[in-house]
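Residue numbers (the working numbering), protein chains in the order written: chain A, 1 to 502; chain B, 1 to 352.
Hints were generated in silico from the structure; no laboratory data involved.
The C-beta atom is built at its ideal place from N, Cα and C for all residues, glycine as well.
Check before you lean on any hint, since a few could be wrong.
[Said to hold, decoys possible] Listed next, with one range per pair, are the computed distances between beta-carbon atoms:
{"hint": "1", "chain 1": "A", "residue 1": "183", "chain 2": "B", "residue 2": "328", "range": "52 to 60 Å"}
{"hint": "2", "chain 1": "A", "residue 1": "80", "chain 2": "B", "residue 2": "138", "range": "27 to 35 Å"}
{"hint": "3", "chain 1": "A", "residue 1": "57", "chain 2": "B", "residue 2": "298", "range": "56 to 64 Å"}
[Claimed, not checked] Selected chain B positions facing chain A (Cβ under 7 Å, derived; list incomplete):
{"hint": "4", "residue": "27"}
{"hint": "5", "residue": "31"}
{"hint": "6", "residue": "153"}
{"hint": "7", "residue": "194"}
{"hint": "8", "residue": "198"}
{"hint": "9", "residue": "201"}
{"hint": "10", "residue": "205"}
{"hint": "11", "residue": "208"}
{"hint": "12", "residue": "209"}
{"hint": "13", "residue": "218"}
[Claimed, not checked] In the DSSO-like style, the derived pairs of lysine-lysine whose C-alpha atoms are separated by at most 30 Å in a straight line are:
{"hint": "14", "chain 1": "A", "residue 1": "393", "chain 2": "B", "residue 2": "128"}
{"hint": "15", "chain 1": "A", "residue 1": "322", "chain 2": "B", "residue 2": "277"}
{"hint": "16", "chain 1": "B", "residue 1": "277", "chain 2": "A", "residue 2": "384"}
{"hint": "17", "chain 1": "A", "residue 1": "311", "chain 2": "B", "residue 2": "195"}
{"hint": "18", "chain 1": "B", "residue 1": "6", "chain 2": "A", "residue 2": "138"}
{"hint": "19", "chain 1": "B", "residue 1": "6", "chain 2": "A", "residue 2": "333"}
{"hint": "20", "chain 1": "A", "residue 1": "342", "chain 2": "B", "residue 2": "277"}
{"hint": "21", "chain 1": "A", "residue 1": "384", "chain 2": "B", "residue 2": "5"}
{"hint": "22", "chain 1": "B", "residue 1": "311", "chain 2": "B", "residue 2": "222"}
{"hint": "23", "chain 1": "B", "residue 1": "162", "chain 2": "A", "residue 2": "363"}
{"hint": "24", "chain 1": "A", "residue 1": "342", "chain 2": "B", "residue 2": "162"}
{"hint": "25", "chain 1": "B", "residue 1": "6", "chain 2": "A", "residue 2": "398"}
{"hint": "26", "chain 1": "B", "residue 1": "6", "chain 2": "A", "residue 2": "393"}
{"hint": "27", "chain 1": "A", "residue 1": "393", "chain 2": "B", "residue 2": "222"}
{"hint": "28", "chain 1": "B", "residue 1": "5", "chain 2": "A", "residue 2": "333"}
{"hint": "29", "chain 1": "A", "residue 1": "322", "chain 2": "B", "residue 2": "195"}
{"hint": "30", "chain 1": "A", "residue 1": "282", "chain 2": "B", "residue 2": "222"}
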Amino acid sequence: MPGNELLTMRGICKYFPGVKALQNVDFTLKSGEIHALVGENGAGKSTLIKVLTGVYPLDAGEIFMCGKQIEPHSPLDAQRENISTVYQEINLCPNLSVAENIFIGREPRKMRMIDWKTINKKAKELLNDLNLDIDVTKTLDSFPVAVQQMVAIARAIDIEAKVLILDEPTSSLDEVETQHLFTVVRKLKGKGLGIIFVTHFINQIYELCDRITILRNGELVGTYNTEELPRVQLISKMIGKELGDIQSVSKNEDVKSKEVYMTANNITSYGCINNFNLDIYKGEVLGFAGLLGSGRTETAEILFGINKPDKGSLSIEGKPVKFSDPSDAVNHKIAFCPEDRKTQGIIGDLSVRENIILAMQAKNGIWSHIPLKEQERIADEYIKLLQIKVSSKDQLIKNLSGGNQQKVIIARWLATNPYLLILDEPTRGIDIGTKAEIQKMIIELAKEKDMSVIFISSEIDEMIRTCTRLAVLRDREKVGELVGKDINSDEIMKTIAGGVDQ
Amino acid sequence: MTTLKKITSHHLFLPIFALFLLLLFNAFFTPGFFMIKFQNGQLYGRVIDILNRSSILIVLSLGMTLVIGTGGIDISQGSVIAISGAICCYLIGGSGSGEANVPMFIACIAAIAACAILGAWNGFLVSKLKIQPMVATLILLTAGRGIAMLITKGQNITVYYKPFTYIGNTIPGNILPTTIFIATAMIILLVITLKKTSIGMFVQSVGINSTASHYTGIKVNKIIFMVYVFSGICAGIAGLMESSMIAAADPNNAGLNMELDAILSVALGGTLLSGGKFYLGGSVIGAITIQTMTTTLYAVGVSSEQLPVYKAIVVIFICLLQSESFKALFSRIPENLKKSKLTEDKKVVMKV
Chain A
1 MPGNELLTMR
11 GICKYFPGVK
21 ALQNVDFTLK
31 SGEIHALVGE
41 NGAGKSTLIK
51 VLTGVYPLDA
61 GEIFMCGKQI
71 EPHSPLDAQR
81 ENISTVYQEI
91 NLCPNLSVAE
101 NIFIGREPRK
111 MRMIDWKTIN
121 KKAKELLNDL
131 NLDIDVTKTL
141 DSFPVAVQQM
151 VAIARAIDIE
161 AKVLILDEPT
171 SSLDEVETQH
181 LFTVVRKLKG
191 KGLGIIFVTH
201 FINQIYELCD
211 RITILRNGEL
221 VGTYNTEELP
231 RVQLISKMIG
241 KELGDIQSVS
251 KNEDVKSKEV
261 YMTANNITSY
271 GCINNFNLDI
281 YKGEVLGFAG
291 LLGSGRTETA
301 EILFGINKPD
311 KGSLSIEGKP
321 VKFSDPSDAV
331 NHKIAFCPED
341 RKTQGIIGDL
351 SVRENIILAM
361 QAKNGIWSHI
371 PLKEQERIAD
381 EYIKLLQIKV
391 SSKDQLIKNL
401 SGGNQQKVII
411 ARWLATNPYL
421 LILDEPTRGI
431 DIGTKAEIQK
441 MIIELAKEKD
451 MSVIFISSEI
461 DEMIRTCTRL
471 AVLRDREKVG
481 ELVGKDINSD
491 EIMKTIAGGV
501 DQ
Chain B
1 MTTLKKITSH
11 HLFLPIFALF
21 LLLLFNAFFT
31 PGFFMIKFQN
41 GQLYGRVIDI
51 LNRSSILIVL
61 SLGMTLVIGT
71 GGIDISQGSV
81 IAISGAICCY
91 LIGGSGSGEA
101 NVPMFIACIA
111 AIAACAILGA
121 WNGFLVSKLK
131 IQPMVATLIL
141 LTAGRGIAML
151 ITKGQNITVY
161 YKPFTYIGNT
171 IPGNILPTTI
181 FIATAMIILL
191 VITLKKTSIG
201 MFVQSVGINS
211 TASHYTGIKV
221 NKIIFMVYVF
231 SGICAGIAGL
241 MESSMIAAAD
251 PNNAGLNMEL
261 DAILSVALGG
271 TLLSGGKFYL
281 GGSVIGAITI
291 QTMTTTLYAV
301 GVSSEQLPVY
311 KAIVVIFICL
321 LQSESFKALF
331 SRIPENLKKS
341 KLTEDKKVVM
351 KV
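Extracted from the complex, chain A is given alone in its bound form (with noise of 0.2 Å):
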């Protein structure tokens, strides 16, 4: 059971140029208790972390470790303070040894030279304690990913460590490699350990968790006793919205039409989406709610062709169809503004008018050039229409802002006449004004122009006020669909969480 207090942190600040990263955050944790750190997208999650470790020097506060303070100026100053870190991404070296890579830069030696038989023999009893048999000597690339993950757990609690940190550890696994993890991590905690485990899969936190800190903003929202807070709470405190605050929302007008455009059956994509199936209507705005990590972007690639999937299959008004290009979609008059609008987005160095019309030359084909003068006109035309901000069409893209660099590239979209619109993140660190306009036009376009449209979006406020339906996702599964009335974040908030009881 949880004992002592074996690291504390206190009124941790952090500033990056114009963002105020951590503000005060106080942290606790206690040796032989599972701490889950929990936040949305840039709450702080993996700030704290980089401070802990040294990654990023404090601004302000201080931390304790055993009562004794400490200022880690790197990694491995960290790591001398016996805090080791398993990263999201593998950070082990594929081509070595697995018993290579748990021992390398402090091999044990021998009259001088590499002692690879106590190496080879220490590496298997640590993989054994870890409920793991495989040959050590053989290349880590050998293995799949979840026991490469074990690898890097191995090596870091072999540095004597007092407090593991796992950063998403689960993100790649799937459920049995899943399962075995928490054998290994309740394991460590029996051993006094004390563990962070930064996660987005809400199932896991209370599955695995003693204790949940909540970050929101750069900001501490609070620590809690995991079963003292239950999931809706959790999902409220994380969004920044308490149950029972209902705003009275416009509501949009009920669908006109029940025509069906596009409809995806069964489809599966392992380590993505599980079974999903879902009936896109005309004139819709159909909004994929969930937290990060839920499947949203992800069903969303498969739906322009992406990526593919492994089980399932899609279907236009009726007619199957099969994606294997975005090119494809593009042929099918669907349109996806991701996003990560700097590298999947722009082409930062070509010019505005480019930006725009790119998407209805590559549909036309090389060959059928749009002379200059009708790129003008169409440029024209959408930066009047999205009131897109720029000293001339020939300015770079690159040059604009953030909001105005998104209306680019949903005019370059608009251009392409689509009859299906998928919107990932399109307000994300957009100033509210904008907001507020692209949230107009997604109504508008699905009332005028009878447009599907897809809106993917973190904020729930913008869906509620945007949608006139609702798929919700949770750990890479659709659990509900939400129409008319329902559409609050009550309701939301209790689909994502899984029932209110929970």
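Place chain B on chain A using the hints.
For chain B alone, kept in the frame of chain A given last:
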């Protein structure tokens, strides 16, 4: 001041300035450099020579420009030149009677088609198998001369068929070498293609951000494949010119290290080797500049063994000029001077 800055920051400034420097140097130190003689109904002179030789490089660098635009590189061009010459000369044949076994036109087309296939091989490796361009084209760089050897059965084939020499020299009745016309035609053809199709925009788009291009519905693989095929075709045409100049196929030396000159031309022309925006005009002037430099160095008595050293110096110079951190270092110097002057002034004041 600002107009000066505008001129110096133009992408054509560097190659034109370098060319100007070289010409200036030649005007003073190479006697008769600009002299053009009219003899036997043809123009002769160093300048014509340079244009003749640089035509090959221009054709090569056109292909290289598009490849580099997508963020790739094609280091197999030199070897493909050798293969092209080998195929063409093999088909025409080395019979002493001066007759062609296969009509020259067909031999040329066959050689260019074969080079297009070699380009397609490169394109396949890069676009489908996602092998790094440098490594993918390295395969043909090493294997290419071997293939050319196989075709010529390990020997140089000398062609006595007279019309074959017209490609790399002058057709009787013309006053300028044919190579200049070929290069000009290629430039015009490519410029029109880029104007009338979207290839240019797609190539840049892929080079700037291939993920976003893919997400926009551009067939990224197809674009990448196409530029390598085009690069192969360019190398094929260059190979015909090269082998025609010496009226022989020389698998060992034809086009040796020419891919590096082509890359240098593209870089000098202002196209970044990381891909994205490309400048065709820059590459053309770059190619002429490189050839002028080569000829100039030969003219002042630098041996062909020493030539690479001087080229390396030019490469270093270009890289420095394009490097952002070098520019920053350079622009800081006046400030630093000012600062040190200020501190000196302060010291003086304090002493007073």
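Each hint tested on the structure:
no. : hint                         : verdict
1   : A:183 with B:328: 52 to 60 Å : 55 Å, holds
2   : A:80 with B:138: 27 to 35 Å  : 45 Å, violated
3   : A:57 with B:298: 56 to 64 Å  : 59 Å, holds
4   : 27                           : 39 Å, violated
5   : 31                           : 46 Å, violated
6   : 153                          : 41 Å, violated
7   : 194                          : 10 Å, violated
8   : 198                          : 5 Å, holds
9   : 201                          : 6 Å, holds
10  : 205                          : 5 Å, holds
11  : 208                          : 5 Å, holds
12  : 209                          : 5 Å, holds
13  : 218                          : 4 Å, holds
14  : A:393 with B:128             : 35 Å, violated
15  : A:322 with B:277             : 34 Å, violated
16  : B:277 with A:384             : 27 Å, holds
17  : A:311 with B:195             : 44 Å, violated
18  : B:6 with A:138               : 60 Å, violated
19  : B:6 with A:333               : 44 Å, violated
20  : A:342 with B:277             : 18 Å, holds
21  : A:384 with B:5               : 34 Å, violated
22  : B:311 with B:222             : 35 Å, violated
23  : B:162 with A:363             : 50 Å, violated
24  : A:342 with B:162             : 59 Å, violated
25  : B:6 with A:398               : 21 Å, holds
26  : B:6 with A:393               : 21 Å, holds
27  : A:393 with B:222             : 28 Å, holds
28  : B:5 with A:333               : 47 Å, violated
29  : A:322 with B:195             : 34 Å, violated
30  : A:282 with B:222             : 33 Å, violated
Consistency with the previously given hints fails for numbers 2, 4, 5, 6, 7, 14, 15, 17, 18, 19, 21, 22, 23, 24, 28, 29, 30, ordered from lowest to highest.
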